[in-house]
Amino acid sequence: MNVGTLKILFHRETKEILGIHCFGERAAEIIHIGQAIMEQKGGGNTIEYFVNTTFNYPTMAEAYRVAALNGLNRLF
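Residue numbers for the sequence shown follow UniProt numbering, beginning at 1 and rising by one.
Keep in mind the hints are simulated off the structure, nothing from the lab. For each residue, glycine too, the CB sits at the ideal point set by N, CA and C. Watch out, some of these pointers could steer you wrong.
As the list claims (entries may be wrong) - Using C-beta positions, here's what the derived DEER-type ranges look like:
id, residue 1, residue 2, range
1, Val-3, Lys-41, 31 to 37 Å
2, Gly-4, Val-51, 19 to 25 Å
3, Asn-56, Gly-24, 16 to 22 Å
4, Asn-52, Lys-7, 16 to 22 Å
5, Leu-75, Glu-29, 26 to 32 Å
Taking the hints into account, I'd like the entire structure generated from these sequences.
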């Protein structure tokens, strides 16, 4: 089944990632990506990381880029 949700919660002004919600049958395969980025220090924990990073296509990890772009588009 190819159904699931990935939500990235981030601060509107600083773009710092505050949380990652991942639901679905294969969520365990990609949740660690969000966890690793949330642990980054020195400005590495921002939504821009997912926008500027190249993800393999087609993979479930690409959902991070799609979710990040969706979130940033809602700011404007």
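Evaluated hints:
1. Between Val-3 and Lys-41, the C-beta spacing of about 35 Å keeps the proposed range 31 to 37 Å intact.
2. For the pair Gly-4 and Val-51, the beta carbons lie near 21 Å from each other, so the given range of 19 to 25 Å is met.
3. The hinted window of 16 to 22 Å between Asn-56 and Gly-24 holds, with their beta carbons roughly 18 Å apart.
4. About 20 Å separates the C-beta atoms of Asn-52 and Lys-7, a value consistent with the hinted range of 16 to 22 Å.
5. Between Leu-75 and Glu-29 the CB atoms are about 29 Å apart, so this pair conforms to the stated range of 26 to 32 Å.
Going through the hint list in order, the structure satisfies each hint without exception.
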